[in-house]
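Residue numbers (this note's numbering), protein chains in the order written: chain A, 1 to 110; chain B, 1 to 113.
Heads up, a few of these hints could be off.
[Claimed, not checked] Derived pair list, reagent style PhoX-like, types lysine-lysine, alpha-carbon separation capped at 25 Å:
| id | chain 1 | residue 1 | chain 2 | residue 2 |
| --- | --- | --- | --- | --- |
| 1 | B | LYS83 | B | LYS71 |
| 2 | A | LYS97 | B | LYS70 |
| 3 | A | LYS97 | B | LYS83 |
| 4 | B | LYS57 | A | LYS97 |
| 5 | B | LYS9 | B | LYS83 |
| 6 | B | LYS71 | A | LYS97 |
| 7 | B | LYS57 | B | LYS83 |
Simulated from the structure, these hints should not be mistaken for lab results.
Chain by chain, the residues run as shown.
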Amino acid sequence: GIQVEQSPPDLILQEGANSTLRCNFSDSVNNLQWFHQNPWGQLINLFYIPSGTKQNGRLSATTVATERYSLLYISSSQTTDSGVYFCAVRVSDSWGKLQFGAGTQVVVTP
Amino acid sequence: DGGITQSPKYLFRKEGQNVTLSCEQNLNHDAMYWYRQDPGQGLRLIYYSQIVNDFQKGDIAEGYSVSREKKESFPLTVTSAQKNPTAFYLCASVGLGGTGELFFGEGSRLTVL
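Turn these sequences into a full structure, and let the hints steer you where they fit.
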């Protein structure tokens, strides 16, 4: 099956810093999503981005499908950005498995 | 408000008991999914269903069962055959005619004593 690798596994940031999270995947995909899991466990949709670039406030994401990676940018980080960020992909021609990466644990300190 | 509702949010059970977790959506989504998350880990797919009365096993289906009698409902039963049932369970859904963006419920945390 498709492999999804996220890096780095852990990230500690001071408030106000910028960061980049990476997601590599091993096969062609027709769906790529970024999620933020808050401390209560809820998964919040950040981006649906199978290709191209999107921005939402201080967050932006870029997926280069031909090179099989996606990047999530966090600018001017805030303590509320803490949590785990997951990348998930679905392979082409499949409505079944949305394969998740292991996540990046982000801690933003005041 | 449209969304996915999971219940209960917290559940404690004794070993050997079957447990059913509820997942209801009013988004008119076709496909529904159950994922399991262990502490510090990513999500793993248990079962999924694309249409009523049909469902497929995911990567870790052993010890679980599901039904899909109505489009809006996809309950998960954790049976006594599941060796390590303590986990966080997340239900999700997607509309097949749309973009394919997946949405999640708030999760159910099961602890087996």
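Verification of the supplied hints:
Pair hint B:LYS83 plus B:LYS71 does not hold up; C-alpha atoms about 30 Å apart against a cutoff of 25 Å. With a C-alpha separation of about 21 Å, the suggested pairing of A:LYS97 with B:LYS70 holds against the 25 Å cut-off. A hinted pair counts as satisfied when its Cα atoms are at most 25 Å apart, and A:LYS97 with B:LYS83 qualifies at roughly 23 Å. Proximity of B:LYS57 to A:LYS97 is assessed by CA-CA distance (about 10 Å); at most 25 Å being required, the pair is judged to hold.
The suggested pairing of B:LYS9 with B:LYS83 holds, with an alpha-carbon distance near 21 Å, which does not exceed 25 Å. Distance hint between B:LYS71 and A:LYS97 is fulfilled; the C-alpha atoms sit about 19 Å from each other, no more than 25 Å. Our distance criterion of 25 Å between C-alpha atoms is met by B:LYS57 and B:LYS83, whose separation comes to about 17 Å.
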